[in-house]
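K.L.:
Each chain, written out:
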Amino acid sequence: MSNVQQDVFEIIAKQAKIDIATIKTESTLKDLGVASLDAIEVIFDIEEHFNINLPNEDTDFDAGTVGHLIEAVERQLAQKSGNS
Amino acid sequence: MRRIVITGMGAICALGHNATDIWQAMTEGRSGIGPIGHFDTSSLRTPPIAAEIHDFEPRAYIDEARLPFLDPLSQYALVAANEAVRQSGLAFRNERASRTAVVVGVGSAGEETREGLYQKLYGEHAGRFHPLGIVRIMSNAPASQISMAHGITGPTFVVASACASSNHAIAQAALMIRAGLVDNAIVGGTEACITLGIFRAWEAMRVLAPDACRPFSINRRGLVLGEGSAMFVLETLESAQARGATILAELAGVGMSADAGDIAAPSDIGAAAAMTAALQDAGMQPGEFDYINAHGTGTAANDCTETRAIHSVFGEHARRLAISSTKPMHGHALGAGGALELVATLGALRTGIVPPTLNYLGPDPACDLDYVPHEARAMPVRAALSNSFAFGGLNAVVAVRQAP
Numbered sequence: 001m002s003n004v005q006q007d008v009f010e011i012i013a014k015q016a017k018i019d020i021a022t023i024k025t026e027s028t029l030k031d032l033g034v035a036s037l038d039a040i041e042v043i044f045d046i047e048e049h050f051n052i053n054l055p056n057e058d059t060d061f062d063a064g065t066v067g068h069l070i071e072a073v074e075r076q077l078a079q080k081s082g083n084s
Numbered sequence: 001m002r003r004i005v006i007t008g009m010g011a012i013c014a015l016g017h018n019a020t021d022i023w024q025a026m027t028e029g030r031s032g033i034g035p036i037g038h039f040d041t042s043s044l045r046t047p048p049i050a051a052e053i054h055d056f057e058p059r060a061y062i063d064e065a066r067l068p069f070l071d072p073l074s075q076y077a078l079v080a081a082n083e084a085v086r087q088s089g090l091a092f093r094n095e096r097a098s099r100t101a102v103v104v105g106v107g108s109a110g111e112e113t114r115e116g117l118y119q120k121l122y123g124e125h126a127g128r129f130h131p132l133g134i135v136r137i138m139s140n141a142p143a144s145q146i147s148m149a150h151g152i153t154g155p156t157f158v159v160a161s162a163c164a165s166s167n168h169a170i171a172q173a174a175l176m177i178r179a180g181l182v183d184n185a186i187v188g189g190t191e192a193c194i195t196l197g198i199f200r201a202w203e204a205m206r207v208l209a210p211d212a213c214r215p216f217s218i219n220r221r222g223l224v225l226g227e228g229s230a231m232f233v234l235e236t237l238e239s240a241q242a243r244g245a246t247i248l249a250e251l252a253g254v255g256m257s258a259d260a261g262d263i264a265a266p267s268d269i270g271a272a273a274a275m276t277a278a279l280q281d282a283g284m285q286p287g288e289f290d291y292i293n294a295h296g297t298g299t300a301a302n303d304c305t306e307t308r309a310i311h312s313v314f315g316e317h318a319r320r321l322a323i324s325s326t327k328p329m330h331g332h333a334l335g336a337g338g339a340l341e342l343v344a345t346l347g348a349l350r351t352g353i354v355p356p357t358l359n360y361l362g363p364d365p366a367c368d369l370d371y372v373p374h375e376a377r378a379m380p381v382r383a384a385l386s387n388s389f390a391f392g393g394l395n396a397v398v399a400v401r402q403a404p
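Each protein sequence line maps, in turn, to chains A and B.
Just so it is clear: in the first sequence, position 48 is 48 by full-length UniProt numbering, and no numbers are missing.
Just so it is clear: in the second sequence, position 61 is 61 by full-length UniProt numbering, and no numbers are missing.
Quick caveat, the hints were computed from the structure, so don't treat them as lab data.
One thing to keep in mind: the hints can contain errors.
[To be verified] Heads up, simulated SDA-like pairs for lysine to any residue below, C-alpha to C-alpha not over 25 Å straight-line:
#1 A:K24 to A:I52
#2 A:K30 to B:A300
#3 A:K17 to B:P47
#4 A:K30 to B:D40
#5 A:K14 to B:A204
#6 A:K14 to B:A265
#7 A:K14 to A:D60
#8 A:K14 to A:D31
#9 A:K14 to B:E203
#10 A:K30 to A:I20
#11 A:K80 to B:P47
#12 A:K30 to B:P210
Start from the sequences, fold in the hints, and give me the full structure.
P.N.:
This is how it looks when you write it as structure tokens:
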């Protein structure tokens, strides 16, 4: 498991108050019971943790999976290191 | 029970500085949404668009000596209230002064003033605050300023229920008139929320549209903020008839509910409860209504939830209703939303023209009603609902019908 994946899983587990073992990359936040403002908070926590901005297009809470979210984070991190 | 009618209407928003111009823009399907000019937008992630009021010269409407006391929140309220009072022909002399209420819906407060002071405090570490900060910021200022401008000495206060504030305000005034506490009221809402701080807070909730406000449409992606005010003069039918006033419409009923659920996510049960309460209060059946001015924010969650609620209240008649959201024209004006939307609703009743829902790209299977896309529609409107559903799960609905 990549560090990004591990960190994202931990953030979701903490916010959703669920066992980290239940999170799969193919789960959606909705599947994990993270809805409404809780999902917005998860995104905020991820942004704060990695110091990145995730555009709204990358945060589809109904259809987007945790895997998509991790890819989006990796994309933003790559862009950030490319810029620095 | 005392019947209540509306005899005056005034408004200001991105579509115009008076109710006549605003209604004209609504029938033409014009949008007041455009690039933000009120503040430096360089720190925003979202495209900087809003329905801002432009070319507004407060001195043309308000005594210069009074202006230092007024945040735009109160300026807008005074412009709208003055127009409404002028149209009603009422003067608040003698006993009428104490038999009139002022109830104003406000979602936030004097935010431009507040942010200006905080910029000085936290940004510039300035040692001196302007002494009029409090009287400009306080959320009750618009109600106070209206009472002062017109010499109204009856019950005067502000109602706050976020995006339902205007409709809750209208309900409070109506109930006071029915109870015999007052005979007239100035009611409505005001909001001046296009500030950097407020915009950033909404942006962080990820509910602002990146392109356009598209209520009930496929691929809708959020709301666009707006600002402004609309005010109305309410009085008893008896009083309006006795003085030969022009009656714009009857305020037939009000309905209120709380979801007691999520602080942000809307509930079809709560929304339906408020609509049902308005119908019951008006003593009217679903089949008597022709139009609903929807809350229709353009967020994924609101529009399908509101559609389900309309189905559950109106049953088979839901498909015969014209439903539109005017927010793509005047923006989501939060505490002023319900009042600006009542301008649209009264316009539809009075002229038989239903204002359109702009920016509609095509049907969403979860939004399967007639949303009057793109262009206004000529049709008789006997009675209409105006829906407002707020964050916090607070809902308020107003039912109006043709003047008796």
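K.L.:
Now look at each hint and say whether the structure bears it out.
P.N.:
Checked hints:
no., hint, in the structure
1, A:K24 to A:I52, "holds (23 Å)"
2, A:K30 to B:A300, "holds (15 Å)"
3, A:K17 to B:P47, "violated (34 Å)"
4, A:K30 to B:D40, "violated (36 Å)"
5, A:K14 to B:A204, "holds (20 Å)"
6, A:K14 to B:A265, "holds (21 Å)"
7, A:K14 to A:D60, "holds (20 Å)"
8, A:K14 to A:D31, "holds (16 Å)"
9, A:K14 to B:E203, "holds (24 Å)"
10, A:K30 to A:I20, "holds (15 Å)"
11, A:K80 to B:P47, "holds (21 Å)"
12, A:K30 to B:P210, "holds (23 Å)"
Consistency with the previously given hints fails for numbers 3, 4, ordered from lowest to highest.
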